[in-house]
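Participant: Just so you know, the protein sequences line up as chains U and S, in that order. Residues in the first sequence are numbered consecutively from 148, following the working numbering. Residues in the second sequence are numbered consecutively from 148, following the working numbering.
None of these hints come from the bench; they were simulated from the model. Bear in mind that the values here come from a model prediction, so they are computed numbers and not experimental data. Hints are all accurate, no fakes.
Capping the alpha-carbon separation at 30 Å, the derived lysine-lysine pairs in DSBU-like fashion look like this:
1. Lys-293/U to Lys-257/U
2. Lys-370/U to Lys-301/S
3. Lys-248/S to Lys-370/U
4. Lys-370/S to Lys-301/U
There are 2 protein chains.
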Amino acid sequence: MKIGFIGLGIMGRPIAGHIVDGGHQMAIYSRSSPPSDLLEKGAVVCASSREVAERADVIIVMVPDTPDVEAVLFSRGGVADGLTDGKTVIDMSSISPIATKEFAARIAEKGCDYLDAPVSGGEVGAKAATLSIMVGGTQETFDRVKPLFDLVGKNITLVGSVGDGQTAKVANQIIVAVTIEAVGEALLFASKAGADPARVRAALMGGFASSRILEVHGERMIKRSFDPGFKVELHQKDLNLALEGARQLRLALPNTATCQQLFSVCAAHGGSLRDHSAMVNALEIMADHEIASAT
Amino acid sequence: MKIGFIGLGIMGRPIAGHIVDGGHQMAIYSRSSPPSDLLEKGAVVCASSREVAERADVIIVMVPDTPDVEAVLFSRGGVADGLTDGKTVIDMSSISPIATKEFAARIAEKGCDYLDAPVSGGEVGAKAATLSIMVGGTQETFDRVKPLFDLVGKNITLVGSVGDGQTAKVANQIIVAVTIEAVGEALLFASKAGADPARVRAALMGGFASSRILEVHGERMIKRSFDPGFKVELHQKDLNLALEGARQLRLALPNTATCQQLFSVCAAHGGSLRDHSAMVNALEIMADHEIASAT
Numbered sequence: 148m149k150i151g152f153i154g155l156g157i158m159g160r161p162i163a164g165h166i167v168d169g170g171h172q173m174a175i176y177s178r179s180s181p182p183s184d185l186l187e188k189g190a191v192v193c194a195s196s197r198e199v200a201e202r203a204d205v206i207i208v209m210v211p212d213t214p215d216v217e218a219v220l221f222s223r224g225g226v227a228d229g230l231t232d233g234k235t236v237i238d239m240s241s242i243s244p245i246a247t248k249e250f251a252a253r254i255a256e257k258g259c260d261y262l263d264a265p266v267s268g269g270e271v272g273a274k275a276a277t278l279s280i281m282v283g284g285t286q287e288t289f290d291r292v293k294p295l296f297d298l299v300g301k302n303i304t305l306v307g308s309v310g311d312g313q314t315a316k317v318a319n320q321i322i323v324a325v326t327i328e329a330v331g332e333a334l335l336f337a338s339k340a341g342a343d344p345a346r347v348r349a350a351l352m353g354g355f356a357s358s359r360i361l362e363v364h365g366e367r368m369i370k371r372s373f374d375p376g377f378k379v380e381l382h383q384k385d386l387n388l389a390l391e392g393a394r395q396l397r398l399a400l401p402n403t404a405t406c407q408q409l410f411s412v413c414a415a416h417g418g419s420l421r422d423h424s425a426m427v428n429a430l431e432i433m434a435d436h437e438i439a440s441a442t
Numbered sequence: 148m149k150i151g152f153i154g155l156g157i158m159g160r161p162i163a164g165h166i167v168d169g170g171h172q173m174a175i176y177s178r179s180s181p182p183s184d185l186l187e188k189g190a191v192v193c194a195s196s197r198e199v200a201e202r203a204d205v206i207i208v209m210v211p212d213t214p215d216v217e218a219v220l221f222s223r224g225g226v227a228d229g230l231t232d233g234k235t236v237i238d239m240s241s242i243s244p245i246a247t248k249e250f251a252a253r254i255a256e257k258g259c260d261y262l263d264a265p266v267s268g269g270e271v272g273a274k275a276a277t278l279s280i281m282v283g284g285t286q287e288t289f290d291r292v293k294p295l296f297d298l299v300g301k302n303i304t305l306v307g308s309v310g311d312g313q314t315a316k317v318a319n320q321i322i323v324a325v326t327i328e329a330v331g332e333a334l335l336f337a338s339k340a341g342a343d344p345a346r347v348r349a350a351l352m353g354g355f356a357s358s359r360i361l362e363v364h365g366e367r368m369i370k371r372s373f374d375p376g377f378k379v380e381l382h383q384k385d386l387n388l389a390l391e392g393a394r395q396l397r398l399a400l401p402n403t404a405t406c407q408q409l410f411s412v413c414a415a416h417g418g419s420l421r422d423h424s425a426m427v428n429a430l431e432i433m434a435d436h437e438i439a440s441a442t
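Bound-form chain U, shown alone:
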């Protein structure tokens, strides 16, 4: 397939690399200077997103936030200006599910298909081609581009129609944030009550409290290893999608809201670039007590 790729940052660059390695021609557009590894593999640099859309059959977008996707798709010289009947736009960014439905409708007016395909797994997953991909769109479009997803991901799910991939991603980020907070409250309670949080964590694994978060992020809290991983400031962006979406949907998310506030406490104390497990630092600051392990 002729692939277009827009957004060659930390996530986009390794993803684009895997797709080129899979034998596909690629046209790219990048605001900064294009990555030399992609050029060496034969990727063609375009002067605009519009030119990418003109040259490619499938245009993949991987940018930070909702306004960035809107700009790439619909600003002058954007993707929409270069589309012709039968092309496919895949947005792998993590953005608003509600805006996604609107973007897809506008792309459909051009006679083109749209998939939202946000990922989880971070930079590590992107490099290792082990991303989880949550897809929204039609079964037919999904089946057609599935070979591309197979080049970059492991757990690839068509969740539902357009927007549902983004909805699943938001749901994922809600659960991850609130579960980190749950583990933080529990281990801090244990520590402050005089127990060894490492032994408490061990006693809880395997029971109803068990989760990937208790396993991975609980260990981070105990070992005080807050190098990212997934940064606080990125999770704040995702919780903003959850809370802004909830407001539009008339839905209260009380613990997601509290987690966002705790991330802000964390950020106030210089923690924006720490791993999101550093949310526990906010609880620790409030309690004037740090989790300490005897082991």
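Position chain S relative to chain U; hints supplied.
Facilitator: Using the frame of chain U, we list chain S on its own:
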């Protein structure tokens, strides 16, 4: 060993049964009429907790809450009145870790050992002898009575010194409650945004959002099966231990506090006897929207 058992309710009765089946002599005291199955197996009925303590080497207590344990141990005619040097008291109730340390100190004055050994796994686990047991006390005492725990549990951990078993149990209940809430917020967001919560749950399993709660209680929320399980009113008792303990320890547990409020919303709408996964009902009531699955 000569075992004394006080508190033959939903949990105590099957636990006592397994211990008698293990070949131990048993003296029991029960406020209500003693269970006939225990009598048939040779358990001796005593007139008071004091008499149980006089007859037994190891006295096990399994009652609802902190004041109940205090009454059984220290009221007139209680366990403490019947203790002599070298006996062991095991409290399998789920009560305050802070009060536990005080009780243990008073029992130590009698020349006796104390273990706190709260369990998780509920009535099902008690009947099947598959309880998780979180123990606080000395290694020596733990090793001596471990054969008794083996008769009723599977995952048996000495967490630390006296009180640390209760601390681990509180930590467990914090994580379970807040994770239920996390899954509730996420699936309700998904449903209200128009996605199929069953497919969203499936997409999230195996990733960072994965947990026993997403697996078991997420399914309950989608299938609307809120028969207990573990009752809302019991989890409210446990969160009270967490919040009251946190107040004494000068520690803020913001999401545990919110979960307790959501349980109260649930209870206000007749949900006290539902499974604790019914916490999602509080979010649904607030959003005027029920999780509905297409599948």
